[in-house]
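K.L.:
When you line the sequence shown up against our numbering, it's residues 905 to 1047, in that order.
Honestly, the hints are just simulated from the structure, not real lab data. There's no promise every hint is true.
Each computed SDA-like pair below joins lysine to any residue, with the alpha-carbon atoms no more than 25 Å apart [claimed, not checked]:
#  : residue 1 : residue 2
1  : LYS1004   : GLU1032
2  : LYS1004   : ARG1040
3  : LYS1004   : GLY986
4  : LYS1004   : THR973
5  : LYS1004   : LEU1039
6  : LYS1004   : ARG968
7  : LYS1004   : ARG1046
8  : LYS1004   : PHE1043
9  : LYS1004   : ALA990
10 : LYS1004   : ALA1036
11 : LYS1004   : THR949
12 : LYS1004   : ASP1033
13 : LYS1004   : GLY946
14 : LYS1004   : VAL1026
15 : LYS1004   : ALA1031
16 : LYS1004   : LEU909
Listed next, with one range per pair, are the computed distances between beta-carbon atoms [what the hints assert, rightly or not]:
#  : residue 1 : residue 2 : range
17 : PHE1043   : SER1020   : 27 to 33 Å
18 : PRO970    : PHE1043   : 32 to 38 Å
19 : HIS963    : GLY986    : 35 to 41 Å
20 : GLY1029   : VAL934    : 17 to 23 Å
21 : LEU945    : HIS1022   : 24 to 30 Å
22 : ALA913    : SER1010   : 19 to 25 Å
Don't be surprised by glycine CBs; every beta carbon is placed ideally from N, CA and C.
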Amino acid sequence: MDLALAEAAGAAGHDDVPVGAVVVAPDGRVLGRGRNERERLGDPTAHAEIVALRAAAAHGAGWRLPGCTLVVTLEPCAMCAGAMIAARVARCVFGAWDDKAGACGSVWDLPRDPRSPHRVEVVGGVAEDVCARLLRDFFAGRR
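Required output: the full structure, derived from the provided sequences and hints.
P.N.:
See below:
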């Protein structure tokens, strides 16, 4: 989670919501890192999770990431949860819950939906206070 938090801090540097993510291989190697880059790139799909999954695939892992863990500072949205499922990620570990757009247990629960072609183990609330504070501080500065 510390690596994901470091990525999140970098996102705030270019006015993106501070969310960071890393993809970790079963042996503990970091395959991909990402941070929100929607503002910087002008790309609505440039969420931290998508950036990290793309980096992992480009790292040579391919589009399938079985056994891998996606660690992210904020509960993934529906798009990112769908990408995790498509990539066959084994587990998602996230920090802060997202009661507005979370798709891993808050609003929806796509990774554990029995209709899903692949189920992802979900562990939420890891370093929740630190992750949530980063977001609160970012949005407080905007008000």
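K.L.:
Compare the distance between the alpha carbons of LYS1004 and ARG968 with 25 Å, and conclude whether the hinted pair is satisfied.
P.N.:
29 Å, violated
K.L.:
Does the Cβ distance between PHE1043 and SER1020 fall inside 27 to 33 Å?
P.N.:
31 Å, holds
K.L.:
Take the C-beta atom of GLY1029 and the C-beta atom of VAL934, compute their distance, and say whether it sits inside 17 to 23 Å.
P.N.:
22 Å, holds
K.L.:
Would you mind confirming whether the straight-line C-alpha gap from LYS1004 to GLY946 stays at or under 25 Å?
P.N.:
Holds, at about 22 Å.
K.L.:
For the pair supplied as a hint, LYS1004 and LEU909, confirm whether the alpha-carbon distance does not exceed 25 Å.
P.N.:
21 Å, holds
K.L.:
Against the 25 Å threshold, does the CA-CA distance of LYS1004 and VAL1026 hold or violate the hint?
P.N.:
Roughly 18 Å separates the two Cα atoms, so the pair holds.
K.L.:
Assuming the hint says 24 to 30 Å, is it satisfied by the Cβ distance from LEU945 to HIS1022 or not?
P.N.:
Taking Cβ atoms as reference, LEU945 and HIS1022 lie about 28 Å apart, which means the hint holds.
K.L.:
Holds or violated: LYS1004 with ALA990, Cα cutoff 25 Å?
P.N.:
Since the Cα atoms of LYS1004 and ALA990 sit roughly 23 Å apart, the hinted pair holds (cutoff 25 Å).
K.L.:
Compare the distance between the alpha carbons of LYS1004 and ALA1036 with 25 Å, and conclude whether the hinted pair is satisfied.
P.N.:
14 Å, holds
K.L.:
LYS1004 and GLY986: Cα distance at most 25 Å?
P.N.:
The hint holds at about 17 Å.
K.L.:
May I ask you to test the hint 32 to 38 Å on the CB atoms belonging to PRO970 and PHE1043?
P.N.:
36 Å, holds
K.L.:
Holds or violated: LYS1004 and ASP1033, Cα atoms, limit 25 Å.
P.N.:
18 Å, holds
Checked against the numbered hints above, the structure breaks hints 6, 19 and satisfies the rest.
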